[in-house]
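There are 4 protein chains.
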Amino acid sequence: MMERLGRRLRIGVIGGGAGSFIGPVHRIAARLDGKYDLVAAALSSDPRRAAEEGRRLGFAPERVYGSWRELLAREAGREDGIDVVAVMTPNDSHFEICMAALDAGLHILCDKPLSTDVSSARELAARVRTAGAEFCVTYCYSGYPMVRQARDMVRAGELGEIRQVQLQYVQGNLAEPGPSSGWRMQGGRVGGSLVLLDIATHAFHLGAYVTGQDIASLCADVGATRPGGEVDDYVATLMRYANGARGSLWVTNAAAGSEHGLSFRIHGDLGGLEWHQEEPNRLLHRRAGGFDQVLTRRLDPAMSPGALRSTRVALGHPEGYLEAFANLYDEFAEVVAARLKGDRPPAEADLFPGVLDGVKGLLIVEAAARSARSGAWERVEAP
Amino acid sequence: MMERLGRRLRIGVIGGGAGSFIGPVHRIAARLDGKYDLVAAALSSDPRRAAEEGRRLGFAPERVYGSWRELLAREAGREDGIDVVAVMTPNDSHFEICMAALDAGLHILCDKPLSTDVSSARELAARVRTAGAEFCVTYCYSGYPMVRQARDMVRAGELGEIRQVQLQYVQGNLAEPGPSSGWRMQGGRVGGSLVLLDIATHAFHLGAYVTGQDIASLCADVGATRPGGEVDDYVATLMRYANGARGSLWVTNAAAGSEHGLSFRIHGDLGGLEWHQEEPNRLLHRRAGGFDQVLTRRLDPAMSPGALRSTRVALGHPEGYLEAFANLYDEFAEVVAARLKGDRPPAEADLFPGVLDGVKGLLIVEAAARSARSGAWERVEAP
Amino acid sequence: MMERLGRRLRIGVIGGGAGSFIGPVHRIAARLDGKYDLVAAALSSDPRRAAEEGRRLGFAPERVYGSWRELLAREAGREDGIDVVAVMTPNDSHFEICMAALDAGLHILCDKPLSTDVSSARELAARVRTAGAEFCVTYCYSGYPMVRQARDMVRAGELGEIRQVQLQYVQGNLAEPGPSSGWRMQGGRVGGSLVLLDIATHAFHLGAYVTGQDIASLCADVGATRPGGEVDDYVATLMRYANGARGSLWVTNAAAGSEHGLSFRIHGDLGGLEWHQEEPNRLLHRRAGGFDQVLTRRLDPAMSPGALRSTRVALGHPEGYLEAFANLYDEFAEVVAARLKGDRPPAEADLFPGVLDGVKGLLIVEAAARSARSGAWERVEAP
Amino acid sequence: MMERLGRRLRIGVIGGGAGSFIGPVHRIAARLDGKYDLVAAALSSDPRRAAEEGRRLGFAPERVYGSWRELLAREAGREDGIDVVAVMTPNDSHFEICMAALDAGLHILCDKPLSTDVSSARELAARVRTAGAEFCVTYCYSGYPMVRQARDMVRAGELGEIRQVQLQYVQGNLAEPGPSSGWRMQGGRVGGSLVLLDIATHAFHLGAYVTGQDIASLCADVGATRPGGEVDDYVATLMRYANGARGSLWVTNAAAGSEHGLSFRIHGDLGGLEWHQEEPNRLLHRRAGGFDQVLTRRLDPAMSPGALRSTRVALGHPEGYLEAFANLYDEFAEVVAARLKGDRPPAEADLFPGVLDGVKGLLIVEAAARSARSGAWERVEAP
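Residue numbers (the working numbering), protein chains in the order written: chain A, 1 to 383; chain B, 1 to 383; chain C, 1 to 383; chain D, 1 to 383.
Careful, some of the hints might be misleading.
Incomplete in silico selection of chain B near chain A, CB under 8 Å [claimed, not checked]:
(1) Gln-166
(2) Ala-216
(3) Cys-219
(4) Thr-225
(5) Thr-252
(6) Ala-256
(7) Gly-257
(8) Ala-288
Derived by calculation from the structure, the hints in this document are not laboratory data. Computed from a prediction, not measured in an experiment: that's the story for all the values here. Note that the Cβ used here is the ideal one computed from N, Cα and C, for glycine as well.
Could you put together the complete structure from these sequences and hints?
Below, the structure is given as C-alpha cells:
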C-alpha cells in the first residue's frame, strides 16, 4: 500500500454513530492495518449529535458533517478530500448514497444488503462499471482466513466435485428479553424481510464464496416464529446449485438462547469441510477413507494463498471478527491504490465481495420471498 | 424384573447372523442388564450357516433353527418356549415375520422401518392391538439418557413452546471407497427409498420423541447425489409440526468423510437444546438471557426421571450406543413382565417407541416421497 | 471363547452388593459379551442382605453365600464350581481374599489397588506365579480402544521417542455438598492415602500402559486441600521415566465442580497424543509439521490391532466405560480358556493389566508418599 | 481518551522491525482503538534497514531513527515529541533502554521479561517510582476479556477460597522441522533459561493475575527434552500460593505438534474455571452441585466490569490475540492521559500488568532455577 501509493488512503464514514454496532467495527477495520486515514465523518442525521460524536472519536471538527450530502459535497471540494467512503446506514439509504458517492468520484465500501430490491441493485452495479469505481460489499464473513482456506481447497479440487451444502445462521437476539434494536424493527428501513435481508444474505453469500457455485433454484419457508412476531425471523430453504449440488439452509434471529451461529458444511466426492464463525481459526476437514484433520490458521505455507494473505499473527494466536472485517478494508485499499496509480488490479481483487455479489444477494432474497409465497421451487435469476 | 416375574424372560432372535452390524448389538442389548436369557435363534436362511453361527454364539444346538418359521413353530411347542422375539431381518420381511409372531402369542422387538409401506404397517399395528401383545420398534437413539432428558425438559415447559427444530443425520458410508454393504443396495429388500427408510426415519422419530410433536406437513428434496448413484442417498425437508413449529432436516448417507452425524437442535420461547449422538452424554442447554449450560449424564436427581431411569453409571463415566439400545430392551422387559403377570403397564411403557411410532415413520416417508415428486408441500396423514 | 472351550466360564463375585458403584459394573462387564455365566455371589458380609440382593440379581439361592470364605469353600466342592472369581471389596481385604482364591485354584479379576502395601502385593504376585493362575487387575481405563490405539502407535514408533508426559485425574466428588461415600472415608479400609490408592494409581498405570515406560523417580506433593480435610485429596508430581522422558501429574478428588477428568497427553519427537476419558472415542494426534488429526474409534483396519480387538460397534456409534471394563473381562476369558485347555496364552494376554502392574502401582504410591514427606525426588523401586 | 486529553498520545517504537513477530502486534495494538499516533520508530540497529522499514510502514522519514538512543534524544528535542515509548527488543536490552527512556521523561510499554535478572528488575522498578512514570509490562494474555472475567469472579468470591491451580503453556515450535528462530536461540540475548524467561513467565503471571495470589514456594524441574537440546525447553513445577492453595505447571516449547497451549484451570470451594488461549472467548465455569456453564464474551452486563471494559464487539463475534494486546495499550493510554492532565489514576490502572509484576516474574524464574539445581522446594522472595 505504502509501496504502491506512497501514502495512506483518505476515507470518510457515513453512518455508524453512537449506539451503532457496526460503526466502531468499520472504524477499527479501517485503522487496523494502517492503510487508511479516517478523516471525515457523517455520523448522524442530527448535526449536534454528529458533532459531539465526531469530537469523541477524534475527527477534526471541520470534517465532521451534519449529513452525508454535505460530506460528499465538501470533501469533493478539498484538495485533500477523501478517496473512499464507507457506507453503514440503514438498508433503504444504501442505493441513494452510493449513487451520489459514485457521482462524486469515490470508491465505496458498503454494508449488505446492497439495496432493498433487485432493480436498484442492478442499476447501482451498472453505475459502478461506468464510473470505473472500486466497490466492496462488506459480506464480512468472507474475510476470515479459514473461509478463504476452504474456498482455495475447493478450487484446487481437494474435495472433488461439490455435492452437498448446509448453511446455518442461527441467532437469538430477537428472542431475548428486553427491547429490540433500533431501525431493524421498522419495516421501512429494512426494505423487506428482516431475516432475509439482514442475515440470510450473509449465509447465502458464504455458501457461494466457498463453493464457487451460485444457487440455481430454491424452495423457501419464510416467516415469523415468535408469538406475535411482526417481522420475519425465520427462513429455511432447499437449494439446487449451478453444478447440481443440493443444499439446505436454516437462518433465524429468533432461536432463543443462541449466539451467532453462522456456519457452513460442504461435501464433495473426496471429503467435506465444516466451519463455524464462533471458532473461526479452525476448519474441520473430513476426508473420505481417512481421519478428520483440524486445519488451524497459521502464518506459514501450510495455508492456502488466500488464507495466508489474510492472516496477521502466528499459529495459536487467535484472530477474530475485527481482523476478518479489516481484511476487506486491507484488500480494498490495495485495489484502490492500484486504480489510483493506473495499475492493473492486484491479486487482492479476487478476495473481497464486489457489487455483483451484492446484486446476487438480492436476487436470492427475491426468489426466496417468491417461493415462500408460492410454496414451490423457484428459479434464481442471473444477475 | 426379577422382582416382578421371579425369572428372566426367554428371548429368541430372528436374523443378525454372521456379518450383520445389528445382530451383535441386539444380543449385547439383551444380555446387558440380565433380564433376558437368549435361548433361541434363527440366524440365517442357510441352515448350515445358522447352525455354525449358533454354536459360535453359545446357543444350545437344539434351539438354533434353520428358518424363522421353524423357530416360531418349535418354540411354541416347548414348555420353556420364548416369551419375546427380536426381529432384525431385511425391511421387506418385517411385516410377515411380525404377523406370524403375533399369531404365535409372542411379544416383539422389531427393527425400523416397521414395514415398507403404510398399509401393511397399519395392518400390523391393528393386529398388535387385537393380539394384546407388547411391541417395540427399535428407534434406538431414543434410548439415550440425554435424549430423554431433553424430552422431559420440553414436557416440563423448561423451553416454553417449541418454535424451531433442526434435525440432521449425516453419514458418509455410501461415499467411502470399497464395496457397499449387503442387502441395503438391493432395492427390493429395502422396500423403497434407502435414505428415507434406513436412516431418515430415525431422525424424524427423534424429533417427534423429543418435542412431543408430530409433523403435520413437509416439503422434501430426495435423490441421489453420488455420481451414478442408483439409490437415494439424500433428503432435505422443510417441515411444519402440529403445534405450528417450523423445522428443517438434512439426512444423507453419502456425505464423504462423515461418521454418524445424528443430531437435533430445538428452540422454544425460553431457550434451546442441542444433542449429538457422537457425544451422547452431553446436552447443550442454551438459555434466553443467560449462559449456556452443559448438562452431562449422571446418576443423581439433577437428571430428569426419564434420564435417570435409563442411566447405569455415575457422572463422568460415559455410556454409549449399546447402553442406549439396551435401554429399550430393559424397559420392554418390564412391560412384558407386567403383561405376563397381568399387572398394569409400568412407567417404562412411556419410554420406548411402540408400533404406532413405526406407522408414523412410514407415513412421513410416504409424504416425503410424494413431496419429492410434486415439488410442493404435502400433508402427513394421521396414523 | 466358545470356539476355545465349548462352554462359558463360570464366575463368582465377591463384594459389590447394594449401594456399590463398582458391583453393577463388574456384573454388566461379565455379561456383555456372553463369555461368562454369573453363577455365584458373596454380595455382603451381612447374610440376610446378601440373600435378598442375590435374589434381586437373579442368582440361584443356593449359590448366594453369606461370606467370601463360604463361597470359596462351597464352590470348590461343586462339580460345576466357578472357574473365576471377581473381587470388588474394600482395599484392605484384597490380599487375603486373593490368596485364599488362589489356594482354591481359581483365576482372579481383582479391583485396584492390588493391596495396600508393597510387601503384601509382592507376596501375592509371587503366589500367582506359583499357583499358575491368571490374574487381572481392573485398571479399567486401559480397556478403552483409543487407549490401546495410543499404545500401539507409541510401540510402532509413530511418535518417535517419548519426551514429555502429562497425566490428570481431576474429580470433584469429595468437594460436592452432601455426605461422602462409604468405606472410602474410613482410613483403615482404604489402607493409606485415599487419593494415591484410589485414583492416582489409575493415572500412573495409564501413563505406563500407553508409553510403555515405567516411572524411575518422582517428586510429589500430597495432601488435603479441603478445609478441615482429613483424608488426602490432592497429589501432584514431577516424574522421570525409565527412558529419560519427563512428566507431571495432577490428581485430585476435591476439585469442586469437576466430573471425571482422567486424561493423558504425551509428546515424542514426531508428535503427540491426547485422550480424555470423558470423550473416549476420540484420540487427538498432533503431528510435527502437519495438522492435527482426530482419530475416532471404528471397526475397520484404520485402527491399530489393539484398538480393533477391543471394539464392538462401527464408526460413529460411541462406546463407553462399560465396554472398556468389559474388554478386560472379555480378554481375560480368552486367556483363562486357553489355560484351562492347556493352550499357549493367546494375544489377549498382552492387553489387560496383570498382577505385576498391581505391584508397580503400590511401588509408585509408596515412592510418592516418601517424597511428600522428604520434599525431594525419590526413586521408584523395581517390582 | 479524547475526552480526557483532547488529543491522541504520541508513541514511538523501539525494535520490532522486519521479521519480528511482535513488532506488527505492537503497532496494530497501538492503532486499533485510535488512542495513539504512531510517530517515531527505531526499528533496527542497522540504519539502512531501519529507514527502509520505516518507509514501508508509513512513518515520516525524519522520525525513523537509526538507534534507540537517537530516538530518545531527538524526540526529547521536539515540541511534538513522543509521550510514550514501546520497547520490543531482545530481553537483555530492556533494562538499559527503559532506564534511558525514564530519564527522557517517557511512559513505557515494555515486553516481558522486564529484565534478565532480579537486581536490575528491582532497580528499574525503583526508578519508575521516582520518575513518576507509567509502566506496562506486556503480559499480553492478561488482556483477554474472559481472563478478566475469571479474575473478577474470584475477587467477588464466586469460587470461594482458591484451593487448586493448574497452569499450562505447551508449545511445539522448537520441535518443528526447520531452522529455529533468531535471537532466542542465542543464550546471551535471552539472558537465562529460554523456557523460563520466554514463556513460563507468561503462565506464572496469568495464574497470579486470575487468582490474586502470589507463589510462595515451588519445586521445579527445568531442562532440555530435545535430543541434543542446548537450551531449556521444559519446565514443570509444584507450587504453593500465598493463601495455601496448591498448584502445578507444565510449560514447554518443545512438545512436537503443539500450537500455543496456554491455559489455566483453578478450583475453589464452590467451583472452578478453565480457560484456553486458543479459544479465548469462552470460559468454562464448573459449579459444585450444578451443571457446567460456558461463559462467552459479550457486550452486556452479564459480563464482569473488567471483562466488559475490555470487550469491543457483541456476543458471538470472536475477538482474539490482537484485541487482547490492544487492551493493554488502550488502558495504558487512559492512565497516561490522566497522568498528563494531573488527574487521579483511572480504573484502568488496575487492569494492566505493571513494573512490579515484571519484578515478580523474575523472582519466580530465579526461584525455579534454584529449585531445579537443588532438587528441592524453594521460597519465592517478595519483590
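query: Which earlier hints turn out false for this structure, listed by number in ascending order?
result: 2
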